[in-house]
Amino acid sequence: MAQMTMIQAITDALRTELRRDPTVLVFGEDVGKVGGVFRATEGLQKEFGEHRVFDTPLAESGIGGLAVGLGVQGFRPVAEIQFIGFIFEVMDSIVAQAARLRYRSGGRYNAPIVFRTPYGAGVKSPELHSDALEGLLAQTPGIKVVIPSNPYDAKGLLISAIRDNDPVFFVEHLKLYRSIRGEVPEGEYTIPLGKANVVKEGKDVTIITYGAMVHTSLEAAKIIEEERGVSVEVIDLRTISPLDVETIIESVKKTNRAIVVQEAQRSAGVAAEVIAQINEKAILHLEAPVLRCAPPDTVLAFPLIEDQWVPNAARIVDTLKQVLDF
1 MAQMTMIQAI TDALRTELRR DPTVLVFGED VGKVGGVFRA TEGLQKEFGE HRVFDTPLAE
61 SGIGGLAVGL GVQGFRPVAE IQFIGFIFEV MDSIVAQAAR LRYRSGGRYN APIVFRTPYG
121 AGVKSPELHS DALEGLLAQT PGIKVVIPSN PYDAKGLLIS AIRDNDPVFF VEHLKLYRSI
181 RGEVPEGEYT IPLGKANVVK EGKDVTIITY GAMVHTSLEA AKIIEEERGV SVEVIDLRTI
241 SPLDVETIIE SVKKTNRAIV VQEAQRSAGV AAEVIAQINE KAILHLEAPV LRCAPPDTVL
301 AFPLIEDQWV PNAARIVDTL KQVLDF
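When we follow full-length UniProt numbering, the leftmost residue of the sequence shown carries the number 1, and every step to the right adds one.
Don't read these hints as lab results, they were simulated from the structure. Do not take every clue at face value.
Claimed, not checked - In the EDC-like style, the derived pairs of lysine to aspartate or glutamate whose C-alpha atoms are separated by at most 16 Å in a straight line are:
(1) K321 <-> E246
(2) K253 <-> E287
(3) K321 <-> E226
(4) K203 <-> E250
(5) K253 <-> E227
(6) K124 <-> D307
(7) K281 <-> E246
(8) K253 <-> D204
(9) K33 <-> E47
(10) K254 <-> E306
(11) K321 <-> E287
(12) K203 <-> E188
(13) K321 <-> D204
(14) K321 <-> E225
(15) K203 <-> E226
(16) K200 <-> D164
(17) K222 <-> E246
(18) K222 <-> E250
(19) K124 <-> E246
Stated by the list, open to error - Quick list of the computed label-pair ranges, beta carbon to beta carbon:
(20) A272 <-> G62: 26 to 36 Å
(21) S267 <-> R20: 36 to 46 Å
(22) K33 <-> P289: 25 to 35 Å
Glycine included, each C-beta is placed from N, C-alpha and C at the ideal position.
Modelling step: build the complete structure from the supplied sequences, incorporating the hints.
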C-alpha cells in the first residue's frame, strides 16, 4: 500500500470517484487550475476537464445553491468551502434546503451532496479559519457530519460520503493535512458512515473523541498508563452525526468510566450529546461522572495563545485523573 498524507488521501478519494461515476462534480473557489487552497484537488481539472472540476465565484452562498440544484438534477456535487468559518454564508443552502429536501418532498427528491471544509486549531491561522463549528452542523436533522483522523479513514469515509444519497458535511482538520502519513490502499474502498472505531482497547476508562484530538488523546493515554498502571480505551467517533451510540455504550459498560475530548467550545456540543446518551443508556454502569475536556466558552483564541486554549495531553491526563480518583 502507498504511504499518503491526509490531503493526498482526500485527493485520491476524489479522483477515484470522478473516474467511477460521471455524475460526480467537484467545484469551489480556486479548486480548478490552482488545485484548491490546500491543493486537495490538484491535477483533477487537468485529468477530468473544466466541466467536471471547476472554479466558482468567491461567493459561498452561490456554491451552496449550485450544489442543491445539481443534486436535485441527478448529479453528485462535491463542493469545497475554503474554511469552516465561511459556512455562515452558505448555511441557508445547507440547513434550510439540502437537509430538508427529502422530508419536504415526501421522498421524491434527495440531495446527494458533499460539502468539504477544513477546520481546526494548531496551525495559527487567522480568525474564522480554524473554528470548530461541527456542533452547529451536527444539530441539523438530515445532514451527516464526518470528521476523519487519519489518511486511511479520510479516503474510505470520503468515498462513502460521495456515494451517500443525502447531504454529508466532510470536515477535515487543518493540522492533520500534512502532519501524519499512513498506509492507504489503491483503488476504491469504503468505510461505513456512522460507525466509530476503537483505536485503542482498554479496561479502566474510555476516552471518546474525534479529529485531531484522537492523536492528542492517544498521547495522554500513554502518559497516564505509564504513570498509574491503568488501561485506557480510546474511541474515534469518525462520524459525529449520527453517533455510533452502540460502540460508546459497549465501551462504557466495560470500563465504567469515561471522558469526552473535543476541540470545540465546552457547552452544547458533541461532548454534551455523548454524555447525555451515556446517562440515558448506561448510567447504572458508571462509577464516576462522565467529564468533558474542552476549550472554554470563548471564541477561538488568537494565535499567540492558541496552544493554551486547545486541549493538550496534560489537560486530558488531568481530566482522566479526576474520573479515576472519583
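Inset, instruction - Return the numbers of the hints above that this structure violates; sort them in rising order. - result: 1, 5, 10, 12, 16, 17, 18, 19 and 22
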